[in-house]
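K.L.:
So the chains spell out like this:
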Amino acid sequence: EAQVTQNPRYLITVTGKKLTVTCSQNMNHEYMSWYRQDPGLGLRQIYYSMNVEVTDKGDVPEGYKVSRKEKRNFPLILESPSPNQTSLYFCASSFLAGRSYEQYFGPGTRLTVT
Amino acid sequence: SQQGEEDPQALSIQEGENATMNCSYKTSINNLQWYRQNSGRGLVHLILIRSNEREKHSGRLRVTLDTSKKSSSLLITASRAADTASYFCATAPAGGYNKLIFGAGTRLAVHP
Chain A
9 EAQVTQNPRY LITVTGKKLT VTCSQNMNHE YMSWYRQDPG LGLRQIYYSM
59 NVEVTDKGDV PEGYKVSRKE KRNFPLILES PSPNQTSLYF CASSFLAGRS
109 YEQYFGPGTR LTVT
Chain B
2 SQQGEEDPQA LSIQEGENAT MNCSYKTSIN NLQWYRQNSG RGLVHLILIR
52 SNEREKHSGR LRVTLDTSKK SSSLLITASR AADTASYFCA TAPAGGYNKL
102 IFGAGTRLAV HP
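These protein sequence lines are chains A and B, in that order.
Residues in the first sequence are numbered consecutively from 9, following the numbering used here.
Residues in the second sequence are numbered consecutively from 2, following the numbering used here.
Chain B extracted, bound-state conformation:
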């Protein structure tokens, strides 16, 4: 089952602009994680936000979590061409040990 659903499916911006990606999910979670994937390569963990947290920052990344709306957003500020990748949210369902459910991802293209 696909728990996380990202929106938009694709995003194209210019360098220096901010990029915002959204993720919605269906069931209660323990935490929500964001991963980046460069074309055809392995996923790299970006940030984890727990269900009792509302906002988290890591460098140019800002993640918010609204458990009442079952949604999260990932903001990348001052985008660079190197940020071009697919971004996935993954939810760890409450009570589901070691299970991560991934969405289909958002493809971000940052143009110089």
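The following block holds chain A by itself, in its conformation from the complex:
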């Protein structure tokens, strides 16, 4: 089944404790992206990747890191999480690194930083 998977689905952590949210897609998609969703703000892009070893900042990259060492995986790293990073996070992918394609979303990771 074609899908985007994220782990963990729920995470409660404390300020400053490094964490990684994994994202994997099995559709051989070139493009992958991370978003955060906050009430009343819709989805905002954190980082995106056009292909292996090619990443770039989205609209809200501060406090996050990403890497793309393999085509299928695009982990999101919070090196020193803070309470303002409490949010619902989505990973997404699309077929080619072109602007015309629909994006496929993972199920989301609900992160709480205390």
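In short, the hints are calculated from the structure, not lab data.
Accuracy of the hints is not assured; some may be wrong.
Pairwise CB distance ranges, derived in the manner of DEER restraints [stated by the list, open to error]: (1) B:Lys27 to A:Lys25: 22 to 32 Å; (2) A:Asn34 to B:Asn39: 15 to 25 Å; (3) A:Glu87 to B:Ser52: 36 to 46 Å.
All C-beta atoms, glycine included, are put in the ideal place defined by N, C-alpha and C.
On the provided structure of chain A, position chain B as indicated by the hints.
P.N.:
For chain B alone, kept in the frame of chain A given last:
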């Protein structure tokens, strides 16, 4: 920056009625997409309309695009309780590769 803005923020209707949601945006686009999100879950792509298209249909969905007014509408005909979800428009800005800008969404409740 928030490109797409949906209107209304919330909509409550009865099963069988039509639901219309509107989206306005600010800059030139390559395409506009509509997504559905069931409570707290991942977004599901519904339909994509390119900037040179005016109307598109998919099952009970009808999307229109007016680039002169920088607006789009999503019509769901003969709504069902299963259509209860949040609906988001997302714009792909012209010249902005792989960038989708989402609005805050419309919450649709369809009552049996």
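K.L.:
If a hint holds in the structure, say so; if it does not, say that too.
P.N.:
Against the structure, the hints:
Take B:Lys27 and A:Lys25: their Cβ atoms lie about 39 Å apart, and the range 22 to 32 Å is violated. One distance hint, 15 to 25 Å for the beta-carbon pair A:Asn34 and B:Asn39, holds here, with the actual separation near 22 Å. Range check, A:Glu87 to B:Ser52: about 40 Å between beta-carbon atoms, so the 36 to 46 Å window is met.
Of the numbered hints given earlier, the model fails hint 1 alone.
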